[in-house]
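Asker: Under the working numbering, the first residue of the sequence shown carries the number 1, and numbering increases by one thereafter.
Hints should not be assumed to be uniformly reliable.
Claimed, not checked - Taking CB as the label site, the calculated pair distances span:
no., residue 1, residue 2, range
1, H139, L92, 35 to 45 Å
2, H139, H162, 18 to 28 Å
3, L149, P2, 42 to 52 Å
4, S101, Q33, 37 to 47 Å
These are calculated hints, taken from the structure and not from any lab test. Note that the structure is predicted; figures quoted are calculated from it, not measured. For every residue, glycine included, the Cβ atom is placed at its ideal position computed from N, Cα and C.
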Amino acid sequence: MPVLIASALEPRHKHLPFLSQEEREGVFDKLKQLCANMDHVTETDEEDVPFSAGGEDGPTAGPSNETTRRDSAMHLLPGDDYSESGATDPQLEVDVYAKDSRPSLDSNPLEWWRANQSRFAQLASLAERYLCIPGTSVHSERVFSAAGLVANRLRTRLTPEHVGMLVFLNKNN
1 MPVLIASALE PRHKHLPFLS QEEREGVFDK LKQLCANMDH VTETDEEDVP
51 FSAGGEDGPT AGPSNETTRR DSAMHLLPGD DYSESGATDP QLEVDVYAKD
101 SRPSLDSNPL EWWRANQSRF AQLASLAERY LCIPGTSVHS ERVFSAAGLV
151 ANRLRTRLTP EHVGMLVFLN KNN
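Input sequences plus hints: build the corresponding full structure.
Answerer: Printed below as a string of structure tokens:
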């Protein structure tokens, strides 16, 4: 499922043409569920999204301006109709994202998220988590290398359980 979530968060492929309609709806339902579970994320955590990190757009030190805005009376007067960060409802945010037109195939998805971070704050946070997954097999190759060093021709009497324990100790020290 993480691969499908990452595909849905990739703006160029978010329409998931390789899935059936039921599977697409399941992926977007999962996205809505993940966004709904992100209520514990604070405003300062959302400012640290790497799409805006670095250079003059980077996160600022000190207290968040968003928290001071939330505490002011002027912010409370209009009510929930005036939201500064776009759609705050996870259901609405995912629906708007799904219906939004997709960018061209030669565009950069990180640039797209940087430009649309204010529109889709919760999805941008999810994109940070899911699109940063490296597509390599380096870690599994290292485990196989360690297993090859542990179980060599001089240690033929080791049981599989002992080999597993030695590889575990080798990788966790």
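Asker: With reference to the structure, classify each hint as holding or not holding.
Answerer: Now for the hints, and whether the structure bears them out:
no., hint, verdict
1, H139 - L92: 35 to 45 Å, "38 Å, holds"
2, H139 - H162: 18 to 28 Å, "22 Å, holds"
3, L149 - P2: 42 to 52 Å, "31 Å, violated"
4, S101 - Q33: 37 to 47 Å, "25 Å, violated"
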